[in-house]
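Position chain R relative to chain H; hints supplied.
The residues making up each chain are set out below.
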Amino acid sequence: MLDNQTPLVEMRNISISFGGIHAVDNASVELYPGEVVALLGHNGAGKSTLIKILSGAYKRDGGDILINGEPAEIGNPRDAKKYGIETIYQTLAVADNVDAAANLYLGRELRTPWGTLDDVAMEAKAREVMGRLNPNFRRFKEPVKALSGGQRQSVAIARAILFNARILIMDEPTAALGPQETAQVGELIKQLKREGIGIFLISHDIHDVFDLADRVSVMKNGQVVGHARTEDVTKDEVLGMIILGKVPPKAIPGPGAMQMA
Amino acid sequence: MADTVNSVHLNVARGANEHPVRRFFRATEIDTRLLGMVGALMIIWISFQISTGGLFLTPRNLWNLTVQTSSVAVMATGMVLVIVTRNIDLSVGSVLGFCGMVMGVAQAQILPQYLGLGHPAIWAITLLIGLVTGAAIGALHGVIIAFLGVPSFIVTLGGLLVWRGATWFVTSGQTVAPMDTTFRLMGGGTEGSIGATASWLVALIACLAIVWALLHARRQRKRFGFPRRPIWAEYVLGGVGCALVLGFVAVANAYYWPANIARKYADANGIAWPDGGLLISHGIAVPVLVAIAVGIVMTFISTRLRFGRYVFAIGGNPEAAELAGIKTRWVTVRIFTLMGALCAIAAAISTARLNAATNAQGELDELYTIAAAVIGGTSLAGGTGTIAGAMLGAFVMQSLQSGMVLLGIDSPLQRIVVGMVLVIAVWLDTVYRARAK
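Here the protein sequences line up with chains H and R, keeping their order.
Take the first sequence: its letters are residues 1 to 261, numbered as in UniProt numbering.
Take the second sequence: its letters are residues 1 to 437, numbered as in UniProt numbering.
Okay, chain H solo, but in the shape it has when bound (with noise of 0.2 Å):
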């Protein structure tokens, strides 16, 4: 089954240090198409970092990134979106003073061929775009900050999976919403899964992700604690994981899981 297949991403003994602080240490990850795996740990445990190497906000200093077993070079954002990786920030990472459409190309513009905005077409696409993602919205014309959280996380969703990405990242992409619009970013994950995405769900809640992923992966001070199928463990278990870094006996521990006597 999944050992057969070539991973989407492969994230290989990877290390970053700030300052004498080593904020991840020796973290491999594995993605597989279709599959959602969640990164789990607590704040400040380098699970946001680990992923930030990935889309291109870091840079590593040691480790290897291969996607679709080829090592790729990944040295900023443009990088990471040549590869079909697309992040949405637990910061949101949107523009206030633009709309939506302009946010949702931000970077990547439609062009004219005169080579001005073609802001009609981008609007254009936005409406389609949002219209299947969240049928309530309507606000096109008004800049992003006047918007709720979740028509905002909308625009932040919809501008990942504009451009096809094979590989999405999402940080806490529940954390700023009410329970119906968690539930829409949830059927939203089911429904790229069967396009043959592959996600990985980052969040210091298990509650969040449990029902959602197919693997966790969790990390505390830095280093990986240990990967599991969820069908395997509890969240018991998992809890387990992420607080005392213990690895119950159907995970595979990683090099942060603890010693046993």
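Please keep in mind that the hints were generated in silico from the structure rather than gathered at the bench.
Accuracy of the hints is not assured; some may be wrong.
A partial selection of chain H residues facing chain R, derived with a Cβ cut-off under 10 Å [unchecked claim]:
(1) N76
(2) K81
(3) A95
Restricting the straight-line Cα-Cα distance to at most 30 Å, the calculated cross-link-like pairs of lysine-lysine (BS3-like) are [stated by the list, open to error]:
(4) K59/H to K327/R
(5) K193/H to K81/H
(6) K264/R to K145/H
(7) K125/H to K327/R
Here the structure is a predicted model, which is why all the values come from computation and not from measurement.
Ideal placement from N, C-alpha and C gives every residue a C-beta, glycine not left out.
Only chain R this time, still in chain H's reference frame:
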């Protein structure tokens, strides 16, 4: 069809009975902030008109106002982009001085040696030299800000001193005069105006452009099935736009050549001197045309080009812009390069107008330029601002100053008033924004 759907939705969202005035503004999509500024300008004009006993709202004074505004208005368009990206440029006055001095020396001392005095290409080569100088200075500032990480406040504060000092070194402090005759047309005056016929032609083209722009926008929205403005709103916008253009040209054409110049012209061309004097219209002044052209180009850059979109995105959220893959540092360098080039255009206007390049040219212009942009609605917090607003801001400031000159108010008091107006304008803007939320 789409119109009704949209307005129904809005009405539901904002309460069923919308006030007719509000509905008017929403339908026409007129920026109420800009309209507020026009209102302020009207109040200033009318109060000066009354207090000067009818000296203010004359074709002559209004025509002079537009000419005096053009230099700062040109720089204010660039300052908008600088401030939108949360930067500041304190050096524009000094860069203006330096570019002006370089252009002065080029046209009065260097180029005539090779081309002969009064050669028709002198003005163009001079302007090119000025533009390259200004752009290079701006690019240098931009590189230091973006790649060496020195805050723009400091870099341009240094630039303020450096370029003012450099201006002195070009001629060891001597004033350069006179300027090339063709170059001087950029400064306005009787010669530097395009006359009645050409002015009406410009007005006609402008009106056609307004109508075309409205039609084109409507057709585009129809093609994609977006909500459109009600048709009456389009007529209002087109009508007001054309009326403003025609009114402006009518005023410029109502300002006639001074009698002695007209007499000289009549003598030179063998025209008989009629009773009541020869009435020759000034028409639009060349510097005003330059400023309007700069305004149009800068509006195009900031709203229609990818570069402009990036400028605003960076202003709104620098981190998001960077994560979206925008090369934010290069955008910064390009903004400052553009600012430098605009300083050179402003320098051409002001040296041409003065018919000399001096050491003190452009002193305090950085403050007037920043004030114009800020009064025109550019937020120092970044992310918001319009080119038209900044130009209107420059016009408001110049109206105030010119009115006070007509009233015979001393220049120290003028500065006090301008300073207070700046603070009050920003305070009003803060109140407006707080309410808009």
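Going down the list of hints, with the structure as the test:
A distance limit of 10 Å between C-beta atoms decides the matter here; for N76/H the minimum to chain R is near 7 Å, and the interface restraint holds. Nearest Cβ of chain R to the Cβ of K81/H: about 6 Å, under the 10 Å cut. The hint holds. Given the 10 Å rule on beta carbons, the hint for A95/H holds: about 4 Å separates it from the nearest Cβ of chain R. Proposed proximity of K59/H and K327/R is supported: the alpha carbons are some 16 Å apart, at most 30 Å.
Our distance criterion of 30 Å between C-alpha atoms is met by K193/H and K81/H, whose separation comes to about 19 Å. Distance hint between K264/R and K145/H is unfulfilled; the C-alpha atoms sit about 62 Å from each other, more than 30 Å. For the proposed pair K125/H and K327/R, the alpha carbon gap of about 25 Å is at most 30 Å, so the pair holds.
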